[in-house]
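Please construct the entire structure, taking both the sequences and the accompanying hints into account.
Quick note, the sequences are listed as chains A and B, same order. Quick note on the working numbering: the first sequence kicks off at 1 and runs consecutively. Quick note on the working numbering: the second sequence kicks off at 1 and runs consecutively.
Treat the hints with care, as some may be off.
[What the hints assert, rightly or not] Negatives, chain A to chain B, calculated, CB over 10 Å: (1) Glu33; (2) Ser35; (3) Lys140; (4) Ser177; (5) Pro309; (6) Gly337; (7) Ile339; (8) Asp344.
[Stated by the list, open to error] Here are some of the chain A residues that sit facing chain B, going by a computed Cβ distance under 10 Å: (9) Met1; (10) Asn2; (11) Gln9; (12) Val260; (13) Lys264; (14) Ser293; (15) Trp302; (16) Glu306; (17) Glu312; (18) Lys313; (19) Ala315; (20) Val371; (21) Leu377.
[What the hints assert, rightly or not] What follows is a set of in silico ranges between Cβ atoms, one per label pair, in the way DEER data are often shown: (22) Thr341/A with Glu182/B: 50 to 56 Å; (23) Lys195/A with Lys273/B: 47 to 53 Å; (24) Lys140/A with Arg260/B: 47 to 53 Å; (25) Glu125/B with Thr311/A: 46 to 52 Å; (26) Arg271/A with Glu264/B: 46 to 52 Å; (27) Ala197/A with Pro7/B: 55 to 61 Å; (28) Glu225/A with Pro7/B: 35 to 41 Å; (29) Thr341/A with Thr397/B: 26 to 32 Å; (30) Arg17/A with Arg396/B: 26 to 32 Å; (31) Thr311/A with Thr202/B: 55 to 61 Å.
Simulated from the structure, these hints should not be mistaken for lab results. Each residue gets a CB set at the ideal place from its N, CA and C atoms; glycine is no exception.
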Amino acid sequence: MNLDFTEEQEMLRTSARDFLTTECPKTLVRELEESEKGYSPELWKKMAELGWMGLVIPDKYDGMGMQFMDLAVLLEEMGRNILPGPFFSTVVLGALPILSAGSEEQKKEILPKIAGGKAILTMALTEPSATYEASGVHTKAVARGNSFILNGTKLFVENAHIADYIICVTRTKDGASPEEGITLFLVDAKSPGIKCAVIPTIALDKQCEVVFENVSVPKKNMLGELDKGWPLVARTLEQATMAKCAEMIGGAQAALDMTVAYAKERVQYGRPIGAFQAIQFYLSDMWMKVTMSKNITYEAVWMVSEGLPCTEKVAIAKGWVNDAYKFVTERGVQVHGAIGTTRDHDMGLYYRRAWAADQTFGNTDFQREVVARQMGL
Amino acid sequence: MDFKLTPEQEALKKELDDFLREEMKNAPPGWEAGMEAMFSDEGWPFHRYMARRLSEKGWLVRPWPREYGGVDAPMIEQVIFSEVMGYHRAPGRDIFGIGMIGPTLLVAGNEEQKKEHLPPIARAERFWCQGWSEPNAGSDLASLTTRAVRDGDDYIINGQKTWTSGAHFADWSFILARTNPEEKRSRGISFFLVDMKSPGVTVRPLLGMNGTHLFNEVYYDDVRVPARNRVGEENEGWAITRATMNFERSSIETVGVVKRELEELAAFCKETKWNGKTLSQNPFVRHRLAQLAIEIDVGRALAYRTAWLQEKGGLLLSADAASAAKVYGTELAQRLAYTGYQIMGLYGQVKMGSKWAPLHGSYESSSQLCMGMNLAGGSSEVQRNMIAWFGLGLPRTI
Ligand SMILES: Cc1cc2nc3c(=O)[nH]c(=O)nc-3n(C[C@H](O)[C@H](O)[C@H](O)COP(=O)(O)OP(=O)(O)OC[C@H]3O[C@@H](n4cnc5c(N)ncnc54)[C@H](O)[C@@H]3O)c2cc1C
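As structure tokens, this is what we get:
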């Protein structure tokens, strides 16, 4: 057993932290939240120069060939600093499934573009039924000649408005179970028939409604096998859930640090509020939840990284981290007093992200149901 | 990072698991985890029997140095060991002897004390109790008033201890007494080893709310203790208490216990039908059980991390993690007890022995006994203070 990060991982963490602190101050975060695109092309370019988008892409596709565990370190720092933009959707929801299931030709075409910061990707999975289960996929893809014709509405598709490629999860057959008959397509986002609108959300993080109306996709753009795409979605969801947890633990740690610092400096009744035991107990509980969130996240990330079966562990981690991040930011606002409730204070940035992340890839009710099934209940 | 156990560790785990599965068949009926069972009339002989068996296998004092019967086992192995022990609800490990005074003597005892006291613990012959708390010194232990006065080669001890777990069975006690009454609080306290058979020691039972006899009042009336039984220097016992409280406090054993209890509760819910439906089909029940499974696994991860930090950084540096593990473990056991009690509905209240008692009536008892664990060994509030002061550097106001 070894519960420490490697030296390289520690270096990656430090350099990411330094970079983000300088290049992505909270003023920029707020600007991007309000902007139409939701990301800064200049910053995106600098990130590509650092090799971030290619971190887990193999050398032969111009990447750095690192592991999912390393990516989690980077994501934790992004969550800590808050980095608006399409990194998550491009790398986690785009590059990872292509790495898992893409043909050589698809990999050659797209991965170097991702690594170079020249392509933005996303995955269109959820629909108006708003579930991450296969039963929620109704968007149809029907074969016609050398193409498939896609019809349907996807919701909560991150960054579709700026994407170059959308990996669309479709139903190609009604099978005996909802998991059968799912097929994924790499869709050129500029294809005729795609309509995209940003949905205003709590974290202002550019989730979109994407309507596919008779969108024609060449057969060679199928990602993975016909009708047998669900395991790829499931695998991607496990990776994405843990990637999200990594972001969340970074945010939770930042919210805790900010709150502890404030409790030491804010004086009422002639002493720092951190001297009051009520406040100390909130902070101890926040510390516990953050520490425990990190432990369980690293363990589940390690399992994903090693390719071990991890359905239950991932559900446990997300189920826990959801509640923990909300708890930490909620107490964080409380300890800050009125200032914590304002638009201008950073605490609210984390609070809103905690509430958004909670629902993404399954809230705690959803995760509990996964765990219950794994327990044989 | 690497969360895998080594093949040797896996083998140890399996061997211990097989051994305990067999040995626990000898447990008295309705056996439960915890000190209450160990310190009962039926439980005590079983506790001693298990201690002997573990000692024969060479497992009782694994973290100790070889010259005292151990194998210098690293903290991680100790955690594996305790997790499996907890899972089987196995008694046999005297937490006061093996968990506290042994390690304390290893650090702070002199050669003579080590030679006299460590071998009988390792051979499962001598059992200990902890005489620290007093009626007016609980969380604020340093305010204790039991007196020890030097008289030639002896000290004469007078005072009252309370909540002394297992004192009605223990052979020896380690106690704190004030040797310098001029000095208030932590200065002026010394650490003594007292034979419970010494004249002047009186043990009186204190019963828990469910009638169990776990702890006691212990009176010391002119008890003569040889000066060679003082550990460390006179008036410097307080520093030693710090060491005593800092050995392997990952609380993994609790995690092992609750994991087993959840398995049994889940199995009960799968097979019990009310109104034509199994309990596990009820979404509220499913989600309560799943939530506990989440909390248990997260608790396990915390315990392992705590042991890892203790192994690497030393015990004092990881005090915040140990406090977190303690408070989390006991509060988790409490949530499990309450959840089980609630799921049982009316049956939850039925005591062991009745044909109407589900799962041996374990939730009737655990829903009471769980409260004690939130207090014993430093209350949940005291642990949260520790985290705030030492983990987060917040101002200490007391
Ligand atoms: C089952 C059990 C077994 C025990 N076994 C032993 C044993 O073998 N040997 C032994 O010596 N002792 C033993 N104890 C005693 C135990 O160590 C004490 O109960 C514990 O230290 C608390 O002291 P107290 O009960 O006097 O409560 P008090 O210290 O009076 O506390 C009462 C309440 O006030 C809270 N409180 C106190 N101080 C603070 C503070 N600074 N900040 C916030 N809240 C505070 C406490 O958390 C608690 O909720 C045992 C106790 C139990 C329940």
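Verification of the hints:
no., hint, in the structure
1, Glu33, "30 Å, holds"
2, Ser35, "37 Å, holds"
3, Lys140, "32 Å, holds"
4, Ser177, "20 Å, holds"
5, Pro309, "14 Å, holds"
6, Gly337, "17 Å, holds"
7, Ile339, "20 Å, holds"
8, Asp344, "26 Å, holds"
9, Met1, "6 Å, holds"
10, Asn2, "5 Å, holds"
11, Gln9, "9 Å, holds"
12, Val260, "5 Å, holds"
13, Lys264, "7 Å, holds"
14, Ser293, "8 Å, holds"
15, Trp302, "5 Å, holds"
16, Glu306, "9 Å, holds"
17, Glu312, "8 Å, holds"
18, Lys313, "7 Å, holds"
19, Ala315, "8 Å, holds"
20, Val371, "4 Å, holds"
21, Leu377, "4 Å, holds"
22, Thr341/A with Glu182/B: 50 to 56 Å, "53 Å, holds"
23, Lys195/A with Lys273/B: 47 to 53 Å, "52 Å, holds"
24, Lys140/A with Arg260/B: 47 to 53 Å, "49 Å, holds"
25, Glu125/B with Thr311/A: 46 to 52 Å, "49 Å, holds"
26, Arg271/A with Glu264/B: 46 to 52 Å, "49 Å, holds"
27, Ala197/A with Pro7/B: 55 to 61 Å, "56 Å, holds"
28, Glu225/A with Pro7/B: 35 to 41 Å, "37 Å, holds"
29, Thr341/A with Thr397/B: 26 to 32 Å, "28 Å, holds"
30, Arg17/A with Arg396/B: 26 to 32 Å, "30 Å, holds"
31, Thr311/A with Thr202/B: 55 to 61 Å, "59 Å, holds"
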